[in-house]
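Peer 1: Hey, can you work out the whole structure from these sequences and the hints?
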Amino acid sequence: MLFKRSRFMSIVLILIVVLSFTFSGCGSKTKSTSINNNSTKTSQVSDDENSPKVNKQKIFREGQCGWPKPPLYQGNPFASGGIGWPASAAIMEGLYQFVRTSDKIYPRLAESMPIHEGNKSIVKIRKGVTWNDGKPFTSKDIWAYYTLNNGEFITKMLKAIETPDDYTVVFVWNDPQPIDKIKNLLIAQPSQGTIPYHIYGKYVDKAAELLKKGKPATSLDKRGPFGIDLVDDKQLNDELTKNWQAFIKENPKLPIGTGPYKVEKVTASDMILVKRPDYWNAKNVKFDKIICKQVPDLSGQYAMLRGGLFDRYDGTQPKDILESILAANKDLIHYKMPNYSDRGFVYNIQKPPFNDVRFRRALTYVFDKSKIREVGNYYGIESTGYSIMGMPLQFVEWFVPQDIKDKMTKFRYDPAEAEKELKAIGWSKGSDGIWRDKNGKMHEFVIGANNGNFSIVTSAEVSAEQLTKFGFPTKVKSADSSIFYAAAQDKHEYDMSADTLDVSWAFNVPWWPLSNFYWGYESKAGNFPRIQSGPQAGKLNMVYPGPDGKMVDIDKMLKQMLYMSEEDMNRAAGVLTWIANENAFGLDWFQNTTGTWFNMKTVKMKGGWPMADQIQKYNRDMPIPTDQKDLDRIIETNIGFGGFELFVNGELMPN
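If you count the sequence shown from 1, position 474 lands on 482 in this note's numbering, and the numbers rise without skipping.
No lab work stands behind these hints: they were computed from the structure. Just so we're clear, the structure is a prediction, and the values are computed from it rather than from any experiment. Mixed in with the good hints there might be a few duds.
When the alpha-carbon atoms are kept at most 27 Å apart in a straight line, the in silico DSSO-like pairs for lysine-lysine are as follows [said to hold, decoys possible]:
(1) K189 / K532
(2) K283 / K273
(3) K167 / K532
(4) K230 / K415
(5) K210 / K189
(6) K564 / K415
(7) K132 / K148
Peer 2: What follows is the structure in structure tokens.
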């Protein structure tokens, strides 16, 4: 884990992607961070903006919902179970709204983008903002967020958070510093408006008192929040954790946030959110009420969508289901969009025969990715030409320098090549069609699959069929997420572990997916070598030749990447991607495509729906657009990507 105490919004984004089933992704866009210095967007507003003809009650019915059932429901977003979805997006805000996939940044609680001066980033806070209990929101609340939630990743790069007045926050960076683009993204991602000081002040003050006791870290490896060493000072680390655990047991009845909505009612099946008349941008928020229904099974959700009972719903379902829903209700439209998270599996690289890179490379030629994609995500994009990359397919195209791409093995579906390479390392195929290793031993393999996502299970089943047909009897063992992760990451029970991988849950910067790959799920499920004892126990222990033949300490390179220039970071990313591909640590099946559904009878968008002139052509089954403006608008319709930006700026409204 990159975070000792998890950030609320990052967890929410991950949960939404997990809930998205086949909500997978690809598309073309620019790589640069896009910034909007105004909190609202300008677009054509229809004359009947405030006088809907159909949805006169101005109610929005969200289809992707979930929350702890009462009496477990409570108002602390960091407590077990959180405050639910989409309540978290509707109630909680940050200084900025960061949009995953496009990297756009919109000021929210901040008036404008950060001003960078030397080792300081200065943010001016919007005046007149209040918590939904009426108390004013000030810079002290931002300080409270980072002081108490000191496991937030950015704190490892900071010396301090300063608040010279009620409406100014200063981020003081430690050396070395990341480039300004990275600074903007790090500041923009969290929902800092989640720890009101007037409610949780005693825990914030305790954390501040403890942090003052910390001693400066002597190396980047040991650098913790605000530059202190929590590696050697285990007592201080334990005290901070104890204070955090006490905080998450502090549970107000309902959530306290700065966002446009607040909870009016919550039951086991229904949640009602109502618009705040005192919200700082209330005039632009067009829906008076949001109604959420907790429908646990997919068939029930699809029935409600088909029946016109949702105004918005997530996901790009299997082709037959998607087309049947569109055929059943002519008011529905489906937009596809990129989702930079891939599907695939990692090998247990310390378990024979997968500990032999030549064997892993040979197997890569066995898999027909087209057939895997067709069942896993029909609209996804196959990662043809690669084994596994360490980052999404689109990132390889964006960030890996061409000279490194040219040196990468171009893997393909080629059973004859697989047979040739296996025979070259001593394997032979018996008259029964089963392969045997050089000692005459037959092997049977198990692909573990996370059944929290049916696209992973179905893709794993096709992979198992292809291996079995080729001569390696293979079965799939699916399990609930908690059981799967324990078996894959801790016990290393599987030969192959299938899940979401090569993923960027955060920004379009190559360090994020590569750090996840080499330090996170893929590394653990793949049983990547680590130092077993001593002061560096648990540290990644992988030194491999790079594309130029020079040895690369992967752990060391990752720790340096965030402080590099963009050009140097891209070259380092190319090296680490080349290593992943050449060593065939696993198999990336495809890059995901996700989507959003809308009920055009009851809701509309300012200036008309994206790709309006093509809706008839595609019969409401819209492809990923080639026009960047359309693509950006469509991405923001995914609440898991863009939060409540379209509600706050008034672009989404009742029809």
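Peer 1: State for each hint whether it applies.
Peer 2: Hint-by-hint comparison with the structure:
Pair hint K189 plus K532 does not hold up; C-alpha atoms about 30 Å apart against a cutoff of 27 Å. A threshold of 27 Å between alpha carbons decides the hint, and for K283 with K273 the separation of about 13 Å falls inside it, so the pair holds. For the hint linking K167 to K532, the alpha-carbon distance of about 31 Å lies beyond 27 Å, and the restraint is violated. The straight-line distance between the Cα atoms of K230 and K415 is roughly 36 Å, outside the 27 Å bound, and the hint therefore fails.
Between K210 and K189 the CA atoms are separated by roughly 35 Å; this puts the pair beyond 27 Å, and the hint is violated. Between K564 and K415, the direct Cα distance comes to roughly 23 Å. Compliance with the 27 Å bound is thereby established for this hinted pair. For the proposed pair K132 and K148, the alpha carbon gap of about 13 Å is at most 27 Å, so the pair holds.
Against the hints set out earlier in the document, violations occur for numbers 1, 3, 4 and 5.
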